[in-house]
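**Q** Single-letter residue listing:
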Amino acid sequence: MTDVTAMTATQIAGLVATGAASAVEVTQAHLDRIAAVDGRVNAFLHVDTDGALAAARDIDARRAAGEELGPLAGVPVAVKDVLTTKGVPTTVGSKILEGWRPPYDSTIVERLRAAGTVMLGKTNMDEFAMGSSTEYSAYGPSRNPWDTDRIPGGSGGGSAAALAAYEAPLAIGSDTGGSIRQPGAVTGTVGAKPTYGGTSRYGLVAFSSSLDTPGPCARTVLDAALLHAAIGGHDPRDSTSIPAPVPDVVAAAKLGATGDLSGVRLGIVTEFGGEGAEPGVTAAFNEAVDTLTKLGAEIVEISCPHFRYALPAYYLIAPSECSSNLARFDGVRFGLRTGDDGNRSLEEVMSLTREAGFGPEVKRRIMLGTYALSSGYYDAYYGQAQKVRTLITRDFTAAFERVDALISPTTPFVAFPLGARTSDPYQMYLADLFTIPSNLYGGPGISVPCGLSDGLPVGLQVMAPTLADDRMYRVAAALESAVGTFTPPAL
Amino acid sequence: MTTTLPAYDEVVARYEPVIGLETHVELGTNTKMFCGCPTDFGGEPNTRVCPVCLGLPGSLPVANKAAIEATIRIGLALNCSIATWCRFARKNYFYPDMPKNFQISQYDEPLCVDGYLDVEVNGETVRIGIERVHLEEDTGKTLHVGGATGRIHGATESLVDYNRAGIPLVEIVTKPIPGTAALAPEVARAYVTELRDVIRSLGVSDVRMEEGSLRCDVNTSLNLPGQEWGTRTETKNVNSLRSVERAVRSEMLRQAAVLDAGGRITQETRHFHEDTGDTTPGRSKETATDYRYFPEPDLVPLAPDPAWVAELKAALPELPRLHRRRLQQAWGLSDADMQSVLNAGAVELIEATVAAGATPAAARKWWLGELSRRANESGVELADIGATPAQVAELQGLVDAGKLNDKLARTVLEGVVAGEGSPTEIMTNRRLEVVSDTGALTAAVDEAIAANPAIADKVRSGKVAAAGALVGAVMKTTRGQADAQTVRTLILERLGVSA
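Protein chains in written order, with the UniProt record's numbering: chain A, 1 to 491; chain B, 1 to 499.
What the hints contain is simulated information worked out from the structure, not anything from laboratory work. Ideal Cβ placement from N, Cα and C applies to all residues, glycine included. One thing to keep in mind: the hints can contain errors.
Per the computed footprint, the stretches of chain A lying under chain B, defined by three or more beta-carbons under 8 Å from a beta-carbon of chain B, are [as the list claims (entries may be wrong)]: (1) 97 to 105; (2) 237 to 244; (3) 457 to 470.
Looking at chain A on its own, in the form it has when it is part of the complex (with noise of 0.2 Å):
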């Protein structure tokens, strides 16, 4: 048998459904993967090794039992450590939840589990997903593949580093701001931010609730969309999920994959071009809008005027609902307890174990946006903000009364050297300058590797309409069947 750890999640579901591999092979495989090379990519804050070979003897004794399972069964899955697990140590790559162990298991988790597929464990991530390159995970940096000293983005850069690494063939990730497409830009693997409210946030650590959005990540555009299809649709726990069915993003990527785009028509953002984007991606970019051209896409410029109100508006509204979201972490029912040593006031220890347990990005953004609801401040900040958000709404609105989607560079650069964004949070907020917009308007984005600039990854995002997610998954697929996947060395 060839390595399974090398196969798409659709290989592996074969060899599963035909008996050519057992869930107990392939599990085994990519726990012996994840222990070779983790140590060099620390992709996973938790490995369930027992869970995981538990789960894989069940898949393989339904299917001994004759029983139909799913496309993706025995396929194993990575899941982002913001998403509970129950019984498994859930962080959200923070101390303040160091050996939580949540009492229930998130809707996405559940869904996995409906799906067939295997959890091998819980991947690192920028302390509840504030942050864009993992260094701001309270245990230490992922890595990325392609270059071990450089980022492997963020937040939920272990899930695409684990990908990378081949650890895992499937991973979920979340994404407020770009979380899951831009660690898929910089890693070379496909992430897509399905519409808000189409996968369910029960389960999901908050940290923007308007904004978080869990979402698939694997290797090639049709996995994402198999992931996408098992983890989607309304959840009645979640009041903001959308009552409507998955749109089918499985026979979309299918669709996409014949290679023709004709009849498709795709906008470039005006207000991305210029200052944007390095040298390298932009002509990553521009090679790949001439690849979609070929394949018979129409493609024509829009200007969207408010999208450079994104960022700023983006950072009040997020560390608004961060600073209430986490409010809760305060030693007193769960998770860290710092300075309880019978002396000290309630408020003390309170203050206390927050001052102990939240890294300095997370308290940061509490700050600002503490600040931001107070009395007095509110109409200035966050009520702006929110008009803002109203008016990049009627922007994508209006572009998508004239294209079917929106295509731009994911992120303005590739994996940058670990370290070198992190004294300045300003160079760090702009890694999702062009990601961020899709977020306040609810709308789904896709990233999917489109070339290489001087070695690294660069991704191509695709932003649709609210509940089209399924014209992404087309052109992201039929790009991908032009220039193909990327392999990065080997580790």
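Given the coordinates of chain A, assemble chain B onto it according to the supplied hints.
**A** Just chain B now, kept in the frame of chain A:
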């Protein structure tokens, strides 16, 4: 600080009070506001909880439709406008009985606004403006152990029970109520009483102050006539209807003393003490938290369908005040008589007794008479006295059938209150039935005449009034179980005197 308080009459002669009331009502929904946990009172601490009401990371709220419906019905009963679109908001502050360190509440977009409730005080109708009615979640309960006061200050340990966390809570806020002068305390009490009755009539809460399902904060301020309204204080821990009245009165007296001495009223929260009847300062509003309200992003906006609201409005029950007016007419009571029924808390009891077959007069007689007296003696609410309306109606039935006289009926009632069974059972078991067997009575009459020859002669000679002593003798030998009128007739017959 010990200050001599001025007399109440002097206070209301010098100052004008403005009051306002904030009432919290725990809804009697089966499940909590944002999760599926049960809401029943009691239960071992922290057994009625789940990831959502414990605020565990990742959990999300889902609004309880029954609670929204109940809130709209309360709003409609209070003549409010119902919002066609509104949102929940987060009220952010750190306190350990709040699992998320924010409370999901409503801020500038309440579900119901701008209504009123008419209440009657001393026969006058006072219209209380309702500012807003909104829906929120309750907090847990903190128990501070080791301190002298049971408050957090000085405690060595604090224990938290989250069973109550997330129970739907409706907040009803009045507009400021000026112009009530000396009646301010009574108006406050009448309002809370009426509000309680309205909510009870809707069947959405058991509104029991002693269990905390109805909680009241009282705002009070004083101003000189013709001047601007004074600085208000907010009095909490007002746990009974009587306390509402006492708290307003006490706060008026305290504020008057401060103002009389040339002092200024501090805007603050004060705690009412049942035992002493006065208030002490609590958290000062000068260091008030900035709650950083913002729309709750985990919940979608509420947009009650106007057609549904119209349906709810059409289906509202008759409101207590109108209901009472109808009963007063049906029972033929004067305003004063009706007021005494109200004061005794006997409206529903009499209504049910009448429904069980008694006449209004008889039902009123029992509930306001013997049963009220017993309730007062044992210090319980009339409704909790131990006799049901059906039992009272049954008792009256026995009287009407001539099986019990008034005195016997009281004895039977004593048995009912003591839980000995139904009136008929008690009458039979205790052998209290009126002796109507004329044979037995005639023997007793003859015996009495024989034993009292002098009195018998008086009667025979025409002093009919003297027969009373013979009647008494017969009643004694029959242990009160004879019908006095029948006995009298028999005696007169035996002595050959016409009645």
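**Q** State for each hint whether it applies.
**A** So, going through the hints one by one against the coordinates:
{"no.": "1", "hint": "97 to 105", "in the structure": "holds (count 5)"}
{"no.": "2", "hint": "237 to 244", "in the structure": "holds (count 4)"}
{"no.": "3", "hint": "457 to 470", "in the structure": "violated (count 0)"}
When held up to the earlier numbered hints, the structure conflicts with hint 3 and nothing else.
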